[in-house]
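Enquirer: Single-letter residue listing:
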Amino acid sequence: MAIREAEPVGSLREVKEAGLDREDLLGIYRNMVITRGIEERGHILYKQGKIPGSFYTGRGNEASAVGVATAMGANDVGTPLHRDMGVHVTRGVEPWRIFAQYMGRSDGPTHGRDGNVHMADSNLGLLAMVSHLPAMLPVAVGCALAFRIREENRVAVGWYGEGASARGDAHEAMNFAGVRQLPVVFICDNNQWAYSTPTHLEYACEHLADRAQAYGFDGVVVDGTDVLAVYREAKRAIEKARTGGGPTLIESLTLRMEGHAVHDDAFYVPKEMFEEWAKSDPIERYRSWLNAHADMTQDEEDEILGGVKRLLNEALARAEESPLPDAGKLTDGVFATPEDLDTPHHK
Amino acid sequence: MAEKTYLQAISDGLREEMRRDKRVFVIGEDVGVYGGAFKVTLGFQEEFGAWRVIDAPLSETAIVGGCTGAAIMGMRPVAEMQFADFISCAWDQLVTVAAKQRWRAGTPVPITVRLPSGGGFSGGPFHSQNPESSFAHIPGLKVICPATPEDAKGLLASAIQDPNPCLYFEHKHLYRRIKAEVPDERYETPFGKARVHQEGDDLSVITWGAMVYTAEEAAQQLDGDDVSVEILDLRTLIPWDKQAVLESVRKTSKVLVLHEDTHTGGFGGEIAATIAEEAFEDLDAPVKRITAPDTPVPFSPGLEKAFIPQVEDVVAGLRDLAAY
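Chains A and B supply the protein sequences, listed in that same order. For the first sequence, this note's numbering assigns the number 255 to the initial residue and increments by one for each residue that follows. For the second sequence, this note's numbering assigns the number 384 to the initial residue and increments by one for each residue that follows.
Worth flagging that the hints you see were computed from the coordinates, not collected in a lab. Be careful, since some hints might not be right.
[Claimed, not checked] Partner residues aside, some chain B positions facing chain A, computed with beta carbon under 8 Å: (1) F408; (2) A439; (3) S442; (4) G448; (5) I455; (6) M456; (7) M458; (8) Q476; (9) T479; (10) R485; (11) P491; (12) P522; (13) P546; (14) N547.
[Unchecked claim] Sample of chain B residues facing chain A (criterion: CB under 7 Å; computed from the structure): (15) W434; (16) P440; (17) T444; (18) A445; (19) G449; (20) T451; (21) G452; (22) D475; (23) V480; (24) W486; (25) R487; (26) A488; (27) T490; (28) G523.
[To be verified] Derived DSSO-like pairs: lysine-lysine, alpha-carbon spacing no greater than 30 Å straight-line: (29) B/K576 / A/K583; (30) B/K405 / A/K494; (31) A/K525 / A/K301; (32) A/K583 / B/K625; (33) B/K576 / B/K671; (34) B/K625 / B/K562; (35) A/K533 / A/K270; (36) B/K562 / B/K688; (37) A/K304 / A/K583.
Even glycine gets a Cβ: it sits at the ideal position worked out from N, Cα and C.
Take these sequences, add in the hints, and give me the full structure.
Expert: Structure below.
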């Protein structure tokens with residue numbers, strides 16, 4: 255029951271035991287590179303004045319997001335947040351639609367009605383986040399409740415951050431999930447800064463995962479820059495939930511490597527902290543691991559990087575061709591019609 | 384047809400939806416073993432089991448948020464707030480998540496939240512409110528306020544089957560006081576269609592919920608005055624039956640808007656403004672509003688009587704209008 259701190263993942267054999275073959279491993283790398291590539295291009299679009307409003311990234315969180323999403327089953331669902339682009343990428347959201355979303359175009363998942371990472375493709379088992387964090391945790395618990403009522407072997411994954419851990423929604427969601435031992439996994443993206451607020455002003459316990467014990471389930475702290483460790487812990491938790499073992503809280507420790515949003519230079523984060531965490535950049539760290547343990551060749555790496563570059567260049571071009579939304583349709587769809595229920599979830 | 388209380392009609396309607404539709408489940412505080420604070424779900428857990436009649440922790444946010452998630456996953460949840468007042472604890476889930484999800488993300492949220500509302504029995508500031516106008520202001524939420532047992536059953540069936548978040552305000556003061564014939568078979572009462580509670584030619588009262596009966600008593604007291612009063616029961620505020628209101632205004636030319644909710648920002652203001660915009664030239668008197676004053680709901684019986692619009696207040700208002 256006590257929380258534990260997850261050990262790093264070592265050998266290829268260990269990884270294979272966790273259910274990943276070599277192709278999966280390269281796929282994870284590719285998804286992490288796509289994730290960062292989307293957000294780096296987002297910065298360029300922002301500077302070009304093509305992104306209205308603000309722009310948020312999850313730099314430093316690529317391993318955490320991709321690791322968890324890789325551990326989810328095809329029929330599982332999740333409520334990823336604005337630092338979790340890697341979840342959208344791993345679940346299969348096409349990058350051109352993400353760029354269209356950034357730019358408020360009609361082909362973005364919200365058709366220009368909402369911005370940045372407030373999006374989700376429900377056909378891929380994702381629910382669109384709201385700004386009020388962690389309001390999606392009770393919703394994730396509700397998904398798990400539906401699975402429990404219908405006795406389906408599906409799991410819901412709910413994300414929140416260490417800032418949102420201070421709000422009551424997190425408590426109500428976890429308490430209810432614990433009482434009913436629902437098939438839900440809570441992922442706390444602890445990136446150590448809630449806008450400018452450091453962790454010691456958000457919570458007084460040592461680890462947020464400590465709280466799991468109070469809710470009657472397991473908690474684990476994992477190094478969020480180690481994609482394979484994140485994957486392994488998420489996989490354990492998800493399969494445990496799937497087989498009736500109840501919730502798990504995984505605290506994934508990272509550093510938010512950029513400001514809260516593009517306007518914020520994060521002057522309040524000590525320079526040494528950035529320098530220290532830059533040494534464990536998730537993508538660089540995983541690339542080294544692949545070289546050392548999975549014999550990733552230069553050719554393979556070049557192929558992945560070149561493929562991602564082409565993919566994103568084409569995605570950008572396609573997104574820029576997407577029309578702006580029609581203001582004449584602004585008031586459409588405030589209310590759902592019975593036809594709107596014609597989705598996989600309602601069948 | 385059988386005569387039933389308003390409360391029994393709600394209970395019957397809910398049970399019938401649960402029997403015919405396996406997606407429907409009930410969740411709330413004390414709804415299972417105890418049968419709900421007002422006994423609407425009495426005996427439900429024995430019939431449907433503990434996973435379709437779910438006793439929740441004291442967690443309105445988890446209840447409404449949980450319903451939202453379950454609904455997106457294809458269920459038809461019915462949440463019970465023990466008192467409508469407690470919906471404030473779940474405001475964010477309704478207003479931030481459920482109400483906007485269809486419009487911005489294309490995901491319908493077919494949930495029903497049952498809200499025992501209204502005063503009249505010294506419930507005090509936290510067990511007596513009528514917060515319907517707060518939610519009527521939020522795009523994406525439907526607001527339902529049945530007045531009769533027949534409507535209570537039919538509007539609940541409609542709410543549960545509607546693909547949107549529906550706030551179903553059931554007035555506590557009607558629960559056991561109001562009895563009427565209710566059809567035995569299942570039926571859905573459509574939203575946005577007002578009901579003429581009584582026809583009249585000289586004055587219109589536009590109202591909903593428990594105030595329908597206050598208006599009826601007031602109209603009876605006016606029988607000797609040789610004025611005939613039309614009482615229009617809106618049944619639902621979102622959507623509301625603008626056409627029926629305008630038709631009644633065009634017939635009588637004098638309108639009283641009556642609600643138990645407080646005055647400023649109450650839904651009566653929306654009705655009055657619409658009449659001013661669209662039927663100004665049909666009016667023979669300014670639109671009159673009778674509402675609760677802008678205070679919290681008081682506890683002590685004398686104070687509460689001063690707060691809730693009384694029959695004599697409505698009689699006086701109607702006489703003023705008739706004399707104008």
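Enquirer: If a hint holds in the structure, say so; if it doesn't, say that too.
Expert: Do the hints match the structure? See the list:
no. : hint            : verdict
1   : F408            : 6 Å, holds
2   : A439            : 7 Å, holds
3   : S442            : 4 Å, holds
4   : G448            : 3 Å, holds
5   : I455            : 6 Å, holds
6   : M456            : 4 Å, holds
7   : M458            : 5 Å, holds
8   : Q476            : 6 Å, holds
9   : T479            : 5 Å, holds
10  : R485            : 4 Å, holds
11  : P491            : 3 Å, holds
12  : P522            : 5 Å, holds
13  : P546            : 4 Å, holds
14  : N547            : 5 Å, holds
15  : W434            : 5 Å, holds
16  : P440            : 6 Å, holds
17  : T444            : 5 Å, holds
18  : A445            : 4 Å, holds
19  : G449            : 4 Å, holds
20  : T451            : 5 Å, holds
21  : G452            : 2 Å, holds
22  : D475            : 6 Å, holds
23  : V480            : 5 Å, holds
24  : W486            : 5 Å, holds
25  : R487            : 4 Å, holds
26  : A488            : 4 Å, holds
27  : T490            : 5 Å, holds
28  : G523            : 5 Å, holds
29  : B/K576 / A/K583 : 26 Å, holds
30  : B/K405 / A/K494 : 27 Å, holds
31  : A/K525 / A/K301 : 24 Å, holds
32  : A/K583 / B/K625 : 23 Å, holds
33  : B/K576 / B/K671 : 23 Å, holds
34  : B/K625 / B/K562 : 28 Å, holds
35  : A/K533 / A/K270 : 26 Å, holds
36  : B/K562 / B/K688 : 23 Å, holds
37  : A/K304 / A/K583 : 22 Å, holds
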